[in-house]
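Student: Everything in the sequence shown is counted per my numbering, starting at 53 for the first residue and increasing by one.
To be clear, the hints were calculated from the coordinates, so they are not data collected in a lab. Just so it is clear, the structure is predicted and the values come from calculations on it, not from any experiment. Mixed in with the good hints, there may be bad ones.
Claimed, not checked - Calculated pairs, SDA-like style, for lysine to any residue (alpha carbon to alpha carbon, straight line, at most 25 Å):
| # | residue 1 | residue 2 |
| --- | --- | --- |
| 1 | K792 | Y670 |
| 2 | K144 | S126 |
| 3 | K358 | E417 |
| 4 | K95 | L153 |
| 5 | K422 | A121 |
| 6 | K179 | A228 |
| 7 | K782 | I497 |
| 8 | K754 | Y670 |
| 9 | K95 | I421 |
| 10 | K137 | P193 |
| 11 | K422 | L87 |
| 12 | K358 | G322 |
| 13 | K572 | S126 |
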Amino acid sequence: MSAMLNNAQMEAQITPILFVHYGDEWLRGSERCLLDLLNHIDKSSFKPVVWCNSSAFSDAVRNLDLDIAVHQSSFPLLLGWQAPKFDVSAWKGLVSEGKTLIQQYGIQLVHANSGAPCQWLNHVARKCRIPLVAHLHSRYPARDRITLGLHQTPISVGVSQPVVQQLLEDGVPESAVAVIPNGIDTEALDAVPAKNLRESIGIPGQAFLMVTTGSLIHRKGVDLLIEAVGQIREQELDAHLAVLGAGEESEALKRQATESGLDAYVHFLGEQTGVTGWLRGGADLFVSGAREEVFGLALAEASLCKLAVIAPDVGGISSVIAHGSTGLLVTPESSAAITEAVLTLARNPEQRHQMGISGRQRVLEHFTIKKNVERFEQLYRQQLQASNQPAPWRPGLCLRLMGSTVLKTIMRKAGFKTTNTEVGKVRNQHVLILDPTAFSGGSKIATDHLLRPLINTESDVDYRITVLTADARSWSSLADRTLRLYLPDWLARQQQGLPFFALNGWIAAQVLLTRLRVGKIDIAIGASGPGVDLSLYLARSLTSYRVLQLVHGPVATSRTIGRCLDQADQVQYLDTTRESLHAALGRHRPGRDESLPETFHPFHNTLPASSWPSQCQYTKPTVLWAASLLGWKGLPTLTDALKAIPESQRPDTNICYIRPAQTDLPISEAPLDIPGVNWFEQPDNLDAIRASSNIFVSTSHKEPFGLSILEAMAAGHCVLIPEDGAYWDKRLIHDRECIKYPAGDHTALADILRDLTANPERIQELGCEAASHAQAYRSDKQPDSLRHFFSLLREDA
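With the hints as constraints, model all of the structure from the sequences given.
Tutor: Right, dumping it as structure tokens:
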């Protein structure tokens, strides 16, 4: 009696899950993933029930011998790929059958093994008030995302980021998507006996043998691999390719090999069981020519077998293969790129061997079925805990996407081009720059210099720049469209506490309005720092874009700023801000690793050729000071120094200043009545004023970089900088490339100015050395990390 009660209690603690699979009569990637999940799921916690439309899959589940109930039905889809396409009664029948299965087995959660079943399961799950998880193994075009109801699914799980990125860009919240990489049954695959691949195809031991596996369909790009074999053999490498797989292009590929004279070197072995046994059978390298691959189970299996992998950098392949570590990623659709990579590894057997070892280790760490199942079980528990909260409908997303799709179709039918192909652009990418600072400054100029060359040289992408700004004058040359950021003066001055969050909430609302006004945003750039650009992160929770955070100065040590830095897709920072970034991240996550995340990359300000200053004059000593009136810029140090110099010895001085707006920070007084001093408020002719001067004075305290100092050096100025351990103090040599004075010491500064005024030759000597040093910063080439970040947008073309 006690045993019976214990069994009943145990069964009561087991959660029945309905796994629904829509597929064809084969066992390939998505089928294998679900079979592995069913085989390894914790049976003491979850009881699987399977509902599918495929006899092949039904038989495979029964062959697991796990006492899993299997139901097979026809799955006609409304507006689907096969007839009937408009059978509403059949759809109602699926809804009814789904409800019956849920009631019959006491189902508490539904797992759809593709997007197709969501068309009726969304309705079923809501009616039965149970969670629905959609497991997406591929990317879906807009039409299918609409007709299958993917926007209405409570939680969608992609096998890689590109799978769910489409939904995020449609406006699905991040909380409704997740990424769980595929897992392979490493123990079972390792147990498959090795087969002598070389002996099976009859090639000599010294030949270089490449292998590829998968369906022989256009998407897998085996035709590119055949082309590459011919090119490789032209380089006098005895290369062979073994192809394991079958599919609709099998005959066409064999014909290609024959017509190319390669039928003796390209070996078609057909569909094979125990693929890992073949992979361990003497191959030197695994190659893929995939045109689209959201994950790549075959690549993971090859790595498990200690084979280095060459594959195109498309879709989710880069999440499986680490370029340079476990293989080489090459340009998509390029047999020449595959050829070059193969030759590289063929000539470096030790590198190939090490990649194979690293690849196996990477699979064991990240892509095992154990880790995959653990993540799904954790997701199931999370969804079950929240099952009392009904999943929200998102009809607006569907309607907006439908409208966009219909409009594009009408434009295409009418003959309008939706991509700028006439100038070589493959698509338009929309960049939003947020600038809540109501006055000009060096960080805005630096951002312009950082972005302009990159955007101008990306020949196959048409970037559209929108700037939402409180200071439109700063962006007129970079932006395609400048929108005013409205900030009430009383609110803009809030720098801490709840009023500060209210300020950023207000700005976030305007970011969302901008999104509605100008359309989808692909990337949002915070041009200052996370404390200034907090609203980007707030708005991101209600829409979707990638965040590039630029950090031009030290950040405050706060949990909020640390959290923002942690959520940014990439952070570009000046070296001088590194310590403050460490401190902010540590405040957000105490005990974290001391190193900065991989998404953090240092950058150095540069001056592109188009912004190089005019050469200064050396006929008359003339001082220039150029900065904002913020207190830490130290203007009083200069004005006190000038006052300390007798008027007869005082050099002519030009002071160019920016008056900060909407801030409670200390501000220096300007202009002052000092004979011989010319005052210019935010002049439009700064380059001409700089050219008329030849002594540049910096009085800033701990300037993170000092773009105005670099510009003065480039113009040939003799630069005077404080000894304060800041950027230029560490990089310039006193009395050779600059003159240094004790920070804040106006008396010492006055003495230096008096000596220089009496020694014009010294001004020119130091100015020429400074100009020579500035040449090292004359570059339009931006950091590779920033270029790579922008290139990530290409994956969604």
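Student: If a hint holds in the structure, say so; if it doesn't, say that too.
Tutor: So, going through the hints one by one against the coordinates:
no.: 1; hint: K792 x Y670; in the structure: holds, 21 Å
no.: 2; hint: K144 x S126; in the structure: holds, 13 Å
no.: 3; hint: K358 x E417; in the structure: holds, 14 Å
no.: 4; hint: K95 x L153; in the structure: holds, 19 Å
no.: 5; hint: K422 x A121; in the structure: holds, 23 Å
no.: 6; hint: K179 x A228; in the structure: holds, 19 Å
no.: 7; hint: K782 x I497; in the structure: holds, 23 Å
no.: 8; hint: K754 x Y670; in the structure: violated, 29 Å
no.: 9; hint: K95 x I421; in the structure: holds, 15 Å
no.: 10; hint: K137 x P193; in the structure: holds, 18 Å
no.: 11; hint: K422 x L87; in the structure: holds, 13 Å
no.: 12; hint: K358 x G322; in the structure: holds, 23 Å
no.: 13; hint: K572 x S126; in the structure: violated, 38 Å
Checked against the numbered hints above, the structure violates hints 8 and 13; every other hint is satisfied.
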